[in-house]
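Kindly produce the complete structure, drawing on both the sequences and the hints.
So the number in the working numbering is just where the residue sits in the sequence shown, counting from 1, plus 17.
Have a look at the derived ranges for each label pair, beta carbon to beta carbon:
1) VAL118 with CYS39: 24 to 32 angstroms
2) HIS144 with GLU37: 37 to 45 angstroms
3) CYS103 with TYR48: 16 to 24 angstroms
4) GLN36 with THR143: 37 to 45 angstroms
5) LEU155 with GLY115: 19 to 27 angstroms
Here are the simulated lysine to aspartate or glutamate pairs, EDC-like style, with alpha carbons at most 16 angstroms apart:
6) LYS60 with GLU40
7) LYS92 with GLU45
8) LYS60 with GLU37
9) LYS92 with ASP43
FYI, nobody ran anything at the bench for these hints, they're computed from the structure.
Treat the numbers as computed from the prediction; the structure is a model and nothing was measured.
For every residue, glycine included, the Cβ atom is placed at its ideal position computed from N, Cα and C.
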Amino acid sequence: MTSPLTLALVGGTGLTELQEPCETLDIETPYGPTSAPVRVVAKGPLRLLFLPRHGNPHRFPPHRVNYRANLWALKQQGIRSVISVCAVGGIRAAIRPGAIVVPDQMIDYTWGRAHTLYEQDLAEVTHIDFTEPYCAELRMALI
Numbered sequence: 018m019t020s021p022l023t024l025a026l027v028g029g030t031g032l033t034e035l036q037e038p039c040e041t042l043d044i045e046t047p048y049g050p051t052s053a054p055v056r057v058v059a060k061g062p063l064r065l066l067f068l069p070r071h072g073n074p075h076r077f078p079p080h081r082v083n084y085r086a087n088l089w090a091l092k093q094q095g096i097r098s099v100i101s102v103c104a105v106g107g108i109r110a111a112i113r114p115g116a117i118v119v120p121d122q123m124i125d126y127t128w129g130r131a132h133t134l135y136e137q138d139l140a141e142v143t144h145i146d147f148t149e150p151y152c153a154e155l156r157m158a159l160i
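Here you go:
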């Protein structure tokens, strides 16, 4: 028997709950608690880990989301790729409200918070290439 395909879905504003029956995981991380417990839904050959970015109930504004704990917890469960759903404004008038966009680039306007998991107890310095921030293979599969 083959093991199920495991995917992670991080929900944003508007995607706080899944209606499917699921298992709930409270995962400890070196960065503190996740935004909410990770919910696991198993359907046939798929195992989906769901994490609401802003908590459940929706209580963490973007600058208070513990991104490092969230990603650490998903990685600890064997996740290698994450699909994240966001409700955001756009910079192109041609993209109307309600459109679904699968980005290939980003502008990072965040500041004043840690941006990496690679900062303490390192055997060597870790450099992360951010020129292509999204997984091309997963992006094409979503499209």
